[in-house]
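Colleague: Chain A is fixed; fit chain B onto it per the hints.
2 protein chains.
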Amino acid sequence: MCELLGMECNVPTDIVFSFSGLALRGGARGPHADGWGLALYEKRAVRTFLEPSAAAHSALAAYIKQNPIKTLLAIAHVRKRTRGPVSLANTHPFVRELWGRHFTFAHNGTVRDVKRHRLGRFRPIGTTDSEQAFCALMNRLERAFPKGYPEEREALWEKVAEAAADIGEGGTFNFLLGDGSQLFARCATKLCHIVRRAPFKTATLADEDFVVDFSSVTTPRDRVAVVATAPLTRDETWEIGRPGEMWVFRRGALVATLSS
Amino acid sequence: MCELLGMECNVPTDIVFSFSGLALRGGARGPHADGWGLALYEKRAVRTFLEPSAAAHSALAAYIKQNPIKTLLAIAHVRKRTRGPVSLANTHPFVRELWGRHFTFAHNGTVRDVKRHRLGRFRPIGTTDSEQAFCALMNRLERAFPKGYPEEREALWEKVAEAAADIGEGGTFNFLLGDGSQLFARCATKLCHIVRRAPFKTATLADEDFVVDFSSVTTPRDRVAVVATAPLTRDETWEIGRPGEMWVFRRGALVATLSS
Numbered sequence: 140m141c142e143l144l145g146m147e148c149n150v151p152t153d154i155v156f157s158f159s160g161l162a163l164r165g166g167a168r169g170p171h172a173d174g175w176g177l178a179l180y181e182k183r184a185v186r187t188f189l190e191p192s193a194a195a196h197s198a199l200a201a202y203i204k205q206n207p208i209k210t211l212l213a214i215a216h217v218r219k220r221t222r223g224p225v226s227l228a229n230t231h232p233f234v235r236e237l238w239g240r241h242f243t244f245a246h247n248g249t250v251r252d253v254k255r256h257r258l259g260r261f262r263p264i265g266t267t268d269s270e271q272a273f274c275a276l277m278n279r280l281e282r283a284f285p286k287g288y289p290e291e292r293e294a295l296w297e298k299v300a301e302a303a304a305d306i307g308e309g310g311t312f313n314f315l316l317g318d319g320s321q322l323f324a325r326c327a328t329k330l331c332h333i334v335r336r337a338p339f340k341t342a343t344l345a346d347e348d349f350v351v352d353f354s355s356v357t358t359p360r361d362r363v364a365v366v367a368t369a370p371l372t373r374d375e376t377w378e379i380g381r382p383g384e385m386w387v388f389r390r391g392a393l394v395a396t397l398s399s
Numbered sequence: 140m141c142e143l144l145g146m147e148c149n150v151p152t153d154i155v156f157s158f159s160g161l162a163l164r165g166g167a168r169g170p171h172a173d174g175w176g177l178a179l180y181e182k183r184a185v186r187t188f189l190e191p192s193a194a195a196h197s198a199l200a201a202y203i204k205q206n207p208i209k210t211l212l213a214i215a216h217v218r219k220r221t222r223g224p225v226s227l228a229n230t231h232p233f234v235r236e237l238w239g240r241h242f243t244f245a246h247n248g249t250v251r252d253v254k255r256h257r258l259g260r261f262r263p264i265g266t267t268d269s270e271q272a273f274c275a276l277m278n279r280l281e282r283a284f285p286k287g288y289p290e291e292r293e294a295l296w297e298k299v300a301e302a303a304a305d306i307g308e309g310g311t312f313n314f315l316l317g318d319g320s321q322l323f324a325r326c327a328t329k330l331c332h333i334v335r336r337a338p339f340k341t342a343t344l345a346d347e348d349f350v351v352d353f354s355s356v357t358t359p360r361d362r363v364a365v366v367a368t369a370p371l372t373r374d375e376t377w378e379i380g381r382p383g384e385m386w387v388f389r390r391g392a393l394v395a396t397l398s399s
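These protein sequence lines map, in sequence, to chains A and B.
Per the numbering used here, the first sequence starts with residue 140, numbered consecutively.
Per the numbering used here, the second sequence starts with residue 140, numbered consecutively.
These aren't lab readings, by the way, just hints derived from the structure by calculation.
Some hints could be false.
Where chains are identical, the list cannot tell them apart; a pair therefore holds if satisfied intra-copy or between any two copies.
[As the list claims (entries may be wrong)] Each computed DSBU-like pair below joins lysine-lysine, with the alpha-carbon atoms no more than 35 angstroms apart:
| # | residue 1 | residue 2 |
| --- | --- | --- |
| 1 | LYS204 | LYS254 |
| 2 | LYS340 | LYS254 |
| 3 | LYS209 | LYS340 |
| 4 | LYS182 | LYS204 |
| 5 | LYS209 | LYS254 |
| 6 | LYS219 | LYS286 |
Please read all numbers here as calculations on a predicted model, not as lab measurements.
Excised from the complex, chain A in its bound form (with noise of 0.2 angstroms):
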C-alpha cells in the first residue's frame, strides 16, 4: 500500500511540513521504500519531482525541503508497490494534459479487473493498476466534455465522482486528482482531511517531534487544505472520510462532499 498527501490553499503556500512528514513514512518510519513523487502547479502547468527509491534517504527530498517552492495545489505520493516492479513508469503521480491543462492523479490502494475499462486516447506508460485506472478517469472525462473545461464546475464534479465509483467498484480506489483548480479526494477505505484557518495553532508531526507554528507563517485570510491517508499531526482533529465519499476542495475550503 501507499501513502497520499494532497495540499489545497487560497495563498501559495509550502508543503515542506506536510511532506516531511510523508517522506518520513516513505522508508524510514513506514514500508514505502519503492518511489516517491510530488507535483507542484503553477496555474493550469504542473512540474513533478519523480524518484524510484525511498523518500527517507533521497538527496532530492532533501533539496525540496532545503528549497520550499510555494504552490496553491500539490499532490504527493510514497509507494510501496503491490502491482508492477519498481521503475520511474510506475511512480506517483501520473501527469496526462486534458483541456490545455495538466492532470494530476495519485492512488493508495488496488482496482480490480481495471482492464474491463476503455482507455480512449489515453495510454498508460507504466504497468500499474493505477495509471491504468487513471487513463480510465481521464477518458471518461473527455467522453463527458467533449468541448473542454465545464463551465459549470458541479458538472465535473459530479462525473468525476460517477467515474470513481465505476472504476474503484470491487477495489481499493483511494485517490488524489489535481486538475490546477482544484482538489479532487476519493475515499475508498482510507483518507483524512484537515482545513487549517485563523486562529492558527502549533501541529507536531505524528512521526517525529517536529513542531510548526502556523500562526508565525500565516496571514489570517490564509486556507490551507490537506488530504492524507492518514493523519500527518498528532495535535490536530483530522476528519476520516467514510468509504465512497469524495471531497472537492477550491480556495483553501472543503466545496463539495459527494458519495462515490
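Modeller: For chain B alone, kept in the frame of chain A given last:
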C-alpha cells in the same frame, strides 16, 4: 532565442558536463535567463526538471550537477523568451503521452503562423508558439499511425521530417524531439552535433575553463551523441547542421539524416 541540448547514448551517461556548459548560457554567460528545463528518460518514461528562472543561478540546477542522474536520452533547454510570458507553462521541454510513451520537445526559434495547424486532442497549456507547434507535430504523428508506435522505424523518421518541414515553413524551427528510443534533431538555422566514441579524449567547455577527460569515465564500447545549438566545447570538432536537415540518433549513433 533559446539554446538546445540533447544527449543520446548506448550506455547510461550523465549529462552534467554538457548541462554545465548550457547552464552557463542560462543567465551567466548568455542572455537566456527566462527559464530552463532538463528531461531525463528511463525507458519510455521521462522525468523533467523545470524552472521559470535563470539556470546559472539556480539551486535546482546546482543540485542536478552535484547529483548526476545517468540516462540514455536527455533533452535540455535554456530560454530567452520571445513569445509568451515567463511561467512554468511556457518552460521547455514540453511533454505529452502518445502510444504509451512520453514524447519530449524543446524548440529554438519562432514558428510562423503556427495557429494554422490542427492540434487534434493535443492542447497547449501555455502560450508559446513552441508548445503549439509541438501539439501540431504530435497530432500529425497520431493521425499518421493511429494503431500505435510504428514497427518500421523509417516510417516514423519520414513522418517527423515531413511534419517538421511543413510546420517550420517560413519560420525558424530548430528542435529536439525524444520518444524514449531515439532523438530527433532538426536544424532550421543553427544546430550542431558530435558523437563521442573510443578513443576518448579530453574536452574543454567553450564558456569556461572546465576540462573533462572522457577516457576516465567511459569504456571502449561507449557512444555518446550530443546535439547543441552551438558547440559546447572548444577543442572538439562539431558537425554543423544545414538548414532543413534532420538527424536521428539511436544507441549513441547517427542513424539517419533526412531532409525536412
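Colleague: Look at each hint and say if it fits the structure.
Modeller: Here's how the hints hold up against the structure:
no.	hint	in the structure
1	LYS204 x LYS254	neither (38 angstroms within a copy, 41 angstroms between copies)
2	LYS340 x LYS254	neither (46 angstroms within a copy, 52 angstroms between copies)
3	LYS209 x LYS340	within (20 angstroms within a copy, 44 angstroms between copies)
4	LYS182 x LYS204	both (22 angstroms within a copy, 28 angstroms between copies)
5	LYS209 x LYS254	between (37 angstroms within a copy, 34 angstroms between copies)
6	LYS219 x LYS286	between (38 angstroms within a copy, 34 angstroms between copies)
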